[in-house]
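Asker: Next come the chains, spelled out residue by residue.
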Amino acid sequence: MVETRVNAPGGRKFRVDLQVLGPILALVLLIVIGTILNPDFLAARNITNVLSRSAFIGIIAVGMTFVITAGGLDLSVGSMTAFIAGLMILLMNALIPALGAGWTIIAIGMGAGVIIGALLGAANGLLITRMGIEAFIVTLGSMVIFRSLVTWLANGGTISLNFALGDIYEPVYYGGPFGLRWPILVFAVVALLGEITMRHTAFGRHCAAIGSNPQVARYSAVHVERVRLMTYVLLGLLVGLASVLYVPRLGSASNTTGLLWELETIAAVIIGGTLLKGGFGRVWGTVVGVMILGLIDNILNLTDLVSPYLNGAIQGVIIILAVVLQRARKSTR
Amino acid sequence: MTLAEAPLNNNTSAAPRSARPVLALRGVDRSFGPIQILHDINIELYPGEVHALIGENGAGKSTTMKIMSGYLAPSKGAVELDGQPVTFALSREAEAQGVTLIHQEFNLAQLLPVEQNIFLGHELKRGWLLDHPTMRAQTRALLARLETPIDPRTKVSDISVPEKQMVEIAKALSRDARVLIMDEPTAALTTRETEVLFRQIERLKAEGVAILYTSHKLDEVAKIADKITVMRDGRLVVTASRGEMTVDQMAEAMVGRELSDMFPPKRPAPDAEPVLEVAGLSVGGMVREVSFKLGRGEILGFAGLVGSGRTELMEGIIGVRHTTGSVKINGKPTHIHSVEAAMKAGIVYLPEDRKEHGLILTQGMRRNLTLLALKKFTRGLVNTAAEEAALDRSIEEFDIRAPERDVLVGNLSGGNQQKLLLAKIMLAEPQIVIIDEPTRGIDVGTKQQFYGFIHGLIDAGHSVIVISSEMTEVIGLCDRVVVMRQGQIAGEVSGEDVCEDVIVRLAMGLDRKDNGNG
Chain A
1 MVETRVNAPG GRKFRVDLQV LGPILALVLL IVIGTILNPD FLAARNITNV LSRSAFIGII
61 AVGMTFVITA GGLDLSVGSM TAFIAGLMIL LMNALIPALG AGWTIIAIGM GAGVIIGALL
121 GAANGLLITR MGIEAFIVTL GSMVIFRSLV TWLANGGTIS LNFALGDIYE PVYYGGPFGL
181 RWPILVFAVV ALLGEITMRH TAFGRHCAAI GSNPQVARYS AVHVERVRLM TYVLLGLLVG
241 LASVLYVPRL GSASNTTGLL WELETIAAVI IGGTLLKGGF GRVWGTVVGV MILGLIDNIL
301 NLTDLVSPYL NGAIQGVIII LAVVLQRARK STR
Chain B
334 MTLAEAPLNN NTSAAPRSAR PVLALRGVDR SFGPIQILHD INIELYPGEV HALIGENGAG
394 KSTTMKIMSG YLAPSKGAVE LDGQPVTFAL SREAEAQGVT LIHQEFNLAQ LLPVEQNIFL
454 GHELKRGWLL DHPTMRAQTR ALLARLETPI DPRTKVSDIS VPEKQMVEIA KALSRDARVL
514 IMDEPTAALT TRETEVLFRQ IERLKAEGVA ILYTSHKLDE VAKIADKITV MRDGRLVVTA
574 SRGEMTVDQM AEAMVGRELS DMFPPKRPAP DAEPVLEVAG LSVGGMVREV SFKLGRGEIL
634 GFAGLVGSGR TELMEGIIGV RHTTGSVKIN GKPTHIHSVE AAMKAGIVYL PEDRKEHGLI
694 LTQGMRRNLT LLALKKFTRG LVNTAAEEAA LDRSIEEFDI RAPERDVLVG NLSGGNQQKL
754 LLAKIMLAEP QIVIIDEPTR GIDVGTKQQF YGFIHGLIDA GHSVIVISSE MTEVIGLCDR
814 VVVMRQGQIA GEVSGEDVCE DVIVRLAMGL DRKDNGNG
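Protein chains in written order, with the numbering used here: chain A, 1 to 333; chain B, 334 to 851.
Calculated directly from the structure, the hints in this document are not laboratory data.
Glycine included, each C-beta is placed from N, C-alpha and C at the ideal position.
One or more of the hints may lead you astray.
Unchecked claim - From chain A, some residues computed to sit far from chain B (all C-beta separations above 10 Å):
no.: 1; residue: Phe136
no.: 2; residue: Ile145
no.: 3; residue: Val222
Stated by the list, open to error - Straight line, CA to CA, 30 Å or less: simulated DSSO-like cross-link-like pairs of lysine-lysine:
no.: 4; chain 1: B; residue 1: Lys556; chain 2: B; residue 2: Lys538
no.: 5; chain 1: B; residue 1: Lys497; chain 2: A; residue 2: Lys277
no.: 6; chain 1: B; residue 1: Lys550; chain 2: A; residue 2: Lys277
no.: 7; chain 1: B; residue 1: Lys688; chain 2: B; residue 2: Lys488
no.: 8; chain 1: B; residue 1: Lys708; chain 2: B; residue 2: Lys677
no.: 9; chain 1: A; residue 1: Lys277; chain 2: B; residue 2: Lys661
no.: 10; chain 1: B; residue 1: Lys677; chain 2: B; residue 2: Lys661
no.: 11; chain 1: B; residue 1: Lys556; chain 2: B; residue 2: Lys488
no.: 12; chain 1: B; residue 1: Lys538; chain 2: B; residue 2: Lys550
no.: 13; chain 1: B; residue 1: Lys708; chain 2: A; residue 2: Lys277
no.: 14; chain 1: B; residue 1: Lys497; chain 2: B; residue 2: Lys688
no.: 15; chain 1: B; residue 1: Lys409; chain 2: B; residue 2: Lys458
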């Protein structure tokens, strides 16, 4: 092997990297297919619909990208959403006699949603980092616990937000500035901040270092346990944020709220090119992954080419394909 | 240099017992893409002969060994087994023919017991059930033969590195190896364990096994090899019989130039106030009540057998392990509970295991370089331009050679990894630098360079602690050496007393009355 000094930073060769282009190409392809199959596909109303429905998964997936990059996993995000939504609704309903239906209650409810999310994330994170239990086990447990608690709170049925409150809260999902909807805007901001954090801050660097080799990180003055805990708190906080945007959509929570969101979230992260075993993550990829999953769902609903019941099968194929492509790159290196 | 022109046909004249080589490479070339790694390699292995293959990192030793053991196919030329050209499609086929390669990084299943590892893929059966008693008995017999008294039921993750080495050898023996290819088997062994290994090699020789052996420890090579082949830049430089080459000649043939002095001239420890004072420091059950001082501008050596607690002591000082006792820096008592706190106090540590503790092999040079001192490059966001500039300076200062700038660190040679690691810890601008095994698995040329760097650190006003299992290194670098044994300080030597004999006696516990010497 010829090894030479390389001092010129500009000497980087341009390479077509399938790993980078793959998800983007897939997204473009989906848009083209969608447009061909249904001219209404690119209509503003349809795009707005797809994006606001994907926003919940998207906001959570940004947090999941950090958790997975740092070598962790969180299976509890779906039932955590349901649990937070349930608690928020119960809290807001309970405050009506004292405060009267108004924005004050909604502000309190939103604040509580985010705080409860961060606390639940911290609980997961502490069990994983302090007790040294595997993330898979801890979050599998908390997934079942949250789901059971929301069922119990709803007494097996549905927890509904007071109608008056629901009317006031509704614009947080359906409204928004400049003709955009709030969820889309929030998703965009979260994604942008997430991308900057992952690429340009010490925290993002530390996540990738820990996911690659926690021992090296420890010897390099990285507070491994603290950073890992922070990824779970961040994820919990974002789950709280997603719940805050979700509650005004239906004004209710039940034991089917957020069902299988954990799988959709993890799938979006993996399709985006983040390594499931940790060490490498990219937030923009996750955003593309979320949109791919959302568009497949939408296209199947708009056209009658394939039964929408096959949605899951197609998503599954795409997840496996994404990982196969990751493998292919590794072996050519 | 005349050795380089020595005729290759002295191979045949030196064949000791058998006229026909059991395994031979004939005119082997090997290319990876456009780059030719091996040029016209001819090597013959004879039954009952130990053949040492030496060369700097990147000289092509590993590729040669992989071709011999069927892990790689030659691009040109032939592999001959018993005089017949063979193509091993797989290493498994080579193994079935009795050719076994023992990797430097072990191929053992960590969570399986020793006996299952030894028979992995070759399990003995009775009918369709596994024959546990026979396998256990055979494992026990093999390990006894190798003087390694471990229970066959012990999990591999629970045994020490030298024991793993022995298990690998036992595995090869269980498959009736006729040719044993060992990639730096002694790199992780202590002197005593190396002796055990050498006894086994002698025994295998007597049984007619052909052995190819690589090592960076040239004195070992001189001791054990019947024949020595030196490689440089993918070519054979010379093949010589035992006694035809001195250690110095081997080193020169490897490097291709004269190595006048490995070490810069030693400097006596300056009579300055201590920068680091450690008193009564204990680390778990591994280090007990250790006290020592490091003077400003000194290179203090730590010698001792592997497992004597040197690494644990240093890991305690930098806050990776929990400690009791006192540490003073510049006379001020300091409590260090984390690597970050150690860095703030001015102490950095270069870990002994650069692949597991030092560098992230799946990331590039820039990210690795700045990981420890990342705060220096961060004001809210990480300043990538400043990182690139730091990488430029480090590449210049420590002569880091990489095939391309964005290469993954795992694809750098060991020597360049070590240089990058040194650059990484020096970015923290420490006062005290602790270097654990500075040159493990590094070729001679880079070693010499590294010793120069260590002296450079002293010139720049740092104080250095060097831990090394290589006696020549401690002796060549340090004017004062602390010797550890079983978690305690067995003695301290300085000046004229810094010599192999005194240090070994202290390390082995032969000379207890010498305690406190110096």
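Asker: If a hint holds in the structure, say so; if it doesn't, say that too.
Answerer: Do the hints match the structure? See the list:
1. Every beta carbon of chain B lies more than 10 Å from that of Phe136 of chain A, the smallest distance being close to 18 Å; the non-interface claim holds.
2. At roughly 30 Å, the least C-beta separation between Ile145 of chain A and chain B is larger than 10 Å, which holds for a residue marked as non-interface.
3. Non-interface call for Val222 of chain A relative to chain B: violated, since the shortest CB-CB distance, roughly 7 Å, does not exceed 10 Å.
4. Proposed proximity of Lys556 of chain B and Lys538 of chain B is supported: the alpha carbons are some 14 Å apart, at most 30 Å.
5. With a CA separation close to 27 Å, the supplied pair Lys497 of chain B and Lys277 of chain A stays within the 30 Å bound.
6. A C-alpha spacing of about 38 Å is found between Lys550 of chain B and Lys277 of chain A, which places the hinted pair above 30 Å, so the restraint is violated.
7. In summary, the hint linking Lys688 of chain B to Lys488 of chain B is supported, as the alpha carbons are separated by about 23 Å, within the 30 Å threshold.
8. With a C-alpha separation of about 11 Å, the suggested pairing of Lys708 of chain B with Lys677 of chain B holds against the 30 Å cut-off.
9. For the hint pairing Lys277 of chain A with Lys661 of chain B, the CA-to-CA distance comes to about 41 Å; that exceeds 30 Å, so the pair is violated.
10. With a CA separation close to 14 Å, the supplied pair Lys677 of chain B and Lys661 of chain B stays within the 30 Å bound.
11. With a C-alpha separation of about 34 Å, the suggested pair Lys556 of chain B and Lys488 of chain B falls outside the 30 Å cut-off, and the hint is violated.
12. Annotation: proposed proximity of Lys538 of chain B to Lys550 of chain B holds, straight-line Cα distance about 20 Å (limit 30 Å).
13. The suggested pairing of Lys708 of chain B with Lys277 of chain A holds, with an alpha-carbon distance near 27 Å, which does not exceed 30 Å.
14. About 18 Å separates the Cα atoms of Lys497 of chain B and Lys688 of chain B, which keeps this hinted pair within 30 Å; it holds.
15. A hinted pair counts as satisfied when its Cα atoms are at most 30 Å apart, and Lys409 of chain B with Lys458 of chain B does not qualify at roughly 41 Å.
Hint compliance for this structure: hints 3, 6, 9, 11, 15 are not met, and every other hint is.
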